[in-house]
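Asks: Now for the letters of each chain:
4 protein chains.
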Amino acid sequence: MTARNMITATQWWQTALVRIQPGEIALRGYPIEQLIGEISFPQAIWLLLRGELPTPAQAKLLEAALVAAVDHGPQAPSIAAARMAATCGVGLNNAVATGVNLLGDVHGGAGQQAMSMLRDLRDSDLPLPKAIEEYRRWHRFLPGFGHRFHPRDPRRDPLLRLVAEAVEEGVVSGEYLVIALEVEHAIAPVPMNIDGATAVIYAELGFPPELARGLFVLSRSVGILAHAWEEQQSGARIKGPIPRPLLADYTGPALRDLHDGRKPQP
Amino acid sequence: MTARNMITATQWWQTALVRIQPGEIALRGYPIEQLIGEISFPQAIWLLLRGELPTPAQAKLLEAALVAAVDHGPQAPSIAAARMAATCGVGLNNAVATGVNLLGDVHGGAGQQAMSMLRDLRDSDLPLPKAIEEYRRWHRFLPGFGHRFHPRDPRRDPLLRLVAEAVEEGVVSGEYLVIALEVEHAIAPVPMNIDGATAVIYAELGFPPELARGLFVLSRSVGILAHAWEEQQSGARIKGPIPRPLLADYTGPALRDLHDGRKPQP
Amino acid sequence: MTARNMITATQWWQTALVRIQPGEIALRGYPIEQLIGEISFPQAIWLLLRGELPTPAQAKLLEAALVAAVDHGPQAPSIAAARMAATCGVGLNNAVATGVNLLGDVHGGAGQQAMSMLRDLRDSDLPLPKAIEEYRRWHRFLPGFGHRFHPRDPRRDPLLRLVAEAVEEGVVSGEYLVIALEVEHAIAPVPMNIDGATAVIYAELGFPPELARGLFVLSRSVGILAHAWEEQQSGARIKGPIPRPLLADYTGPALRDLHDGRKPQP
Amino acid sequence: MTARNMITATQWWQTALVRIQPGEIALRGYPIEQLIGEISFPQAIWLLLRGELPTPAQAKLLEAALVAAVDHGPQAPSIAAARMAATCGVGLNNAVATGVNLLGDVHGGAGQQAMSMLRDLRDSDLPLPKAIEEYRRWHRFLPGFGHRFHPRDPRRDPLLRLVAEAVEEGVVSGEYLVIALEVEHAIAPVPMNIDGATAVIYAELGFPPELARGLFVLSRSVGILAHAWEEQQSGARIKGPIPRPLLADYTGPALRDLHDGRKPQP
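Line order of the protein sequences matches chains H, B, S and G. Heads up, the final residue of the first sequence is numbered 266 in the numbering used here, and it's a clean run with no missing numbers. Heads up, the final residue of the second sequence is numbered 266 in the numbering used here, and it's a clean run with no missing numbers. Heads up, the final residue of the third sequence is numbered 266 in the numbering used here, and it's a clean run with no missing numbers. Heads up, the final residue of the fourth sequence is numbered 266 in the numbering used here, and it's a clean run with no missing numbers.
In case anyone wonders, no lab produced these hints; they're calculated from the structure. Some clues are possibly wrong.
Stated by the list, open to error - Straight-line alpha carbon distances no greater than 20 Å define the calculated EDC-like cross-link-like pairs of lysine to aspartate or glutamate that follow:
#: 1; chain 1: H; residue 1: Lys60; chain 2: H; residue 2: Glu38
#: 2; chain 1: B; residue 1: Lys130; chain 2: B; residue 2: Glu175
#: 3; chain 1: G; residue 1: Lys130; chain 2: G; residue 2: Glu33
#: 4; chain 1: G; residue 1: Lys130; chain 2: G; residue 2: Glu165
#: 5; chain 1: B; residue 1: Lys60; chain 2: S; residue 2: Glu38
#: 6; chain 1: G; residue 1: Lys60; chain 2: H; residue 2: Glu169
#: 7; chain 1: S; residue 1: Lys60; chain 2: B; residue 2: Glu38
#: 8; chain 1: H; residue 1: Lys60; chain 2: G; residue 2: Glu33
#: 9; chain 1: B; residue 1: Lys60; chain 2: B; residue 2: Glu182
#: 10; chain 1: S; residue 1: Lys130; chain 2: S; residue 2: Asp120
#: 11; chain 1: H; residue 1: Lys60; chain 2: H; residue 2: Glu182
#: 12; chain 1: H; residue 1: Lys60; chain 2: G; residue 2: Glu38
#: 13; chain 1: H; residue 1: Lys60; chain 2: H; residue 2: Glu134
#: 14; chain 1: G; residue 1: Lys60; chain 2: H; residue 2: Glu33
#: 15; chain 1: G; residue 1: Lys60; chain 2: G; residue 2: Glu184
#: 16; chain 1: G; residue 1: Lys130; chain 2: G; residue 2: Glu52
#: 17; chain 1: B; residue 1: Lys60; chain 2: S; residue 2: Glu33
#: 18; chain 1: B; residue 1: Lys130; chain 2: B; residue 2: Glu182
#: 19; chain 1: S; residue 1: Lys60; chain 2: B; residue 2: Glu33
With the rest of the complex left out, here is chain H:
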């Protein structure tokens, strides 16, 4: 490759997140050496995403939400895909990326959708019970409630208890907690699930709905990594999701011959 002559700089990315000079790294203005050993990992997450440090009480609430969603086993497609990747001879980061790539609107978007619903209900002109009724008329599913697998999501109670405590201590207002509990009451006996409970937390803490997905990604990445690592250590090779002779129901055409005449597109 030939030598390059760099004449001037072209600034293309603009960022307020990090300032880097030779010998210096500052996150949102704070020199990194002031932060290492001084702030927690959730505080660092909040700082980068929001621009300022959270109070310790805010950070603890965020931390509880992050801890709650770290893993749900190989029934989750993100976990299963990462385990499969780990048997395919790709790097650990590639296995994690594979799992994270699956946290899309359907698998990873419920928290975001739940936050949007809470916000819509909060902004509605109607009294809350009527707003909920109206919402149910237009939406088949209420995101953040019920669960395919758990009659009652074991993560709901501890998370909502923490929110209630935070309301008592004046850390958050509780306006979203109230709304979510009212929804839960209206659709009883279907309880809130992990997405609904973390949506309440993220909304109370002032995060925009889209970041609910991002925070779920950071949380679930832990379980994705752990599962990929476990599968890699087991030494399995080329594991599809299920033993091969058992895999697919074939619903296609019967065997046919290419030279019996190719039928053009109807």
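Got chain H; can you put chains B, S and G on it based on the hints?
Replies: Frame of chain H, contents of chains B, S and G only:
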């Protein structure tokens, strides 16, 4: 790992695409040994996606569209990201996957959006010129027309010429070609681009709009692979997109001290 | 975002693949408008990867290899992961990228490893049967031979027949075919599989081993796309690889209490 | 899609990480409701990866390492690729996955390589200075030392200070710190960088080298997410890494004509 006892099968995936038995592979019913050396790569693509083989004329039109979109150089984010990945010590497949992952709604979706527009215009009750006028009232950009870089996309003319020939030979109806040319006339002097021209082809050939994105992925994967390979062969290491001292405009807060008091979230 | 002042250009990527000027796109020097409708998709692939156009006979052999490997059903992790992604609300390109990301050393690397083996055997000073014996002493598995599922891979015969014809026509030398058949003879009754057969083709055509993986990616992307599309069309949501209550054997610790004393790391 | 008859269960994945029953989620045996609000995010990470909870002192050291590596700006390919993805209309999780996919051997592997080096030096029969000399004879670069951009990595001092404190408090043995400092002394004036300092921490805490990469992934995912989010919020569309007219140095063949005779492969 302990032994596994498999008692019965669970059919979970249902597919009409491929039937696999020990010693047998059939694609849409055709034994693979009948297809190898007998059908072209575009014919195989059509067969898997559509269920039947195309006529040779149909296959040639598809092939032209696939060839046309294979590459557009490192200015395309998909190409650049794949080149960067290739310098980061990941496998060639991971570099390709990185590039393909970027062919989203904005970067890879124009063909799909152009097809949807052609379909909307075809299905409109209004006469075509009025339908186009109406469409322009509601949409800021017309997908498939104009280009950031090319005053006139060099791929437009050869592609549309092939469609015109196919119309003359009765291979396709030409209804979408007519609509697209009418749009081009209405917004002159902005010409059709690669996405518009391939949208015409895919629409004439009966593909649904969403598959325009899929076909663009298959086409652009060729350039993505070639660029990743070229960068890998060059021996470069950890190349960001641009020389480091030149990269980012910093727009964040001035340096500040952690212990001057942490300001809580406003 | 503030305006940018671009003072000069910084050339960072160097490429011989494509030259782009306003109104012009040239692949390896050929204006794109000369290629559209004139060369086949496999010829375009060869041109970008190798720098020159192949002869029609060379292109046909490449095409046969590409067609042969397009799909192997949901038992392949790449296919299964893409199907799962398609149920998770990500774009079609993201589902394809997910599948391609799994074509790593183990799942997608056999062709490359087979080519390397053929090359090592060709370059050995020992007579071929002894070189094969020596190779078997150092390597547990011979890549390109045998198959988890097929007693005899149905893709072997048609592919090797095409190579033999190409040898007769003087298109390729046949040196790798001879070596591969000798290996197959030495380890009988284990036959060559798709990776071995395509490795012979790619080696005869002069591709480096690493590009065997890249070509397999281009080929398998077709099946990955088709399966992702089929699953998306089926309307399934959040499909893990297997019904949830059936998924994982739990081999971890019995239930325990956090407050019975946290045991530090041994 | 037809109904499925599930006759029995097939256990395919085996995991010790999480046990899930209806209404129950246990991580390494601990019911999730005991962990939420009770353990920190780094403690949860350690629990899933290692099987037991760390002591608070161990958790703090891990936390410092995670905080230290969260971001290094758009000069890092992982950050730049994620920013590009965010302009391409893909979901936030897809942008993060894109960035994480680039944390391969070269970009993300230095911590793992540094840990392996520390382990090799520890296990060597030679006295440490001679072992280092021997290592330098066989390896061109010492992973974990020096930095492209920083004459002195500002993350080194605070991290090593924390390790020294942990040694004094008997939390870790200090054997890897000693080795790393001896290496730094031997190659002075090249100081340890972030990868070397975190390698010391992870080694002291008993993590295997491969997990250094995984932990770097969890840490850097925070910056990747924040940058993708920032770019998404800026409203930019299809941003390649650099303004288009400035991008590539073309080093390929001069313009040529397809019909001047196609030259076969030499």
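Asks: Indicate, hint by hint, whether the structure satisfies it.
Replies: Evaluation of the provided hints:
Distance restraint check for Lys60/H and Glu38/H: the Cα-Cα separation of roughly 15 Å lies within the 20 Å cut-off, and the hinted pair is therefore satisfied. A C-alpha spacing of about 17 Å is found between Lys130/B and Glu175/B, which places the hinted pair at or below 20 Å, so the restraint holds. Between Lys130/G and Glu33/G, the direct Cα distance comes to roughly 52 Å. Violation of the 20 Å bound is thereby established for this hinted pair. Taken as a hint, the Lys130/G and Glu165/G pair is broken in the structure, with Cα atoms around 28 Å apart against an allowance of 20 Å.
About 10 Å separates the Cα atoms of Lys60/B and Glu38/S, which keeps this hinted pair within 20 Å; it holds. Of the pairs offered as hints, the one joining Lys60/G and Glu169/H is violated, with about 26 Å between alpha carbons and a cut-off of 20 Å exceeded. In summary, the hint linking Lys60/S to Glu38/B is supported, as the alpha carbons are separated by about 10 Å, within the 20 Å threshold. For the given pair, Lys60/H sits about 16 Å from Glu33/G by alpha-carbon distance, which is consistent with the 20 Å threshold.
As the CA atoms of Lys60/B and Glu182/B are separated by approximately 25 Å, the hinted pair breaks the 20 Å bound. Taking the CA atoms of Lys130/S and Asp120/S, the gap is about 13 Å. The hint holds against a cut of 20 Å. A hinted pair counts as satisfied when its Cα atoms are at most 20 Å apart, and Lys60/H with Glu182/H does not qualify at roughly 25 Å. At most 20 Å may separate the alpha-carbon atoms for a hinted pair to count; Lys60/H and Glu38/G meet this at roughly 10 Å.
This hinted pair does not check out: Lys60/H and Glu134/H have alpha carbons roughly 35 Å apart, beyond 20 Å. Using a Cα cut-off of 20 Å, the hinted pair Lys60/G and Glu33/H holds, with the two alpha carbons roughly 16 Å apart. Between Lys60/G and Glu184/G, the direct Cα distance comes to roughly 25 Å. Violation of the 20 Å bound is thereby established for this hinted pair. Restraint check for Lys130/G and Glu52/G: the C-alpha separation of about 37 Å exceeds 20 Å, so the hint is violated.
Straight-line distance between C-alpha atoms of Lys60/B and Glu33/S comes to about 15 Å, which keeps the hinted pair within the 20 Å bound. For the suggested pair Lys130/B and Glu182/B, the alpha carbons sit about 11 Å apart, so the restraint of at most 20 Å is met. A threshold of 20 Å between alpha carbons decides the hint, and for Lys60/S with Glu33/B the separation of about 16 Å falls inside it, so the pair holds.
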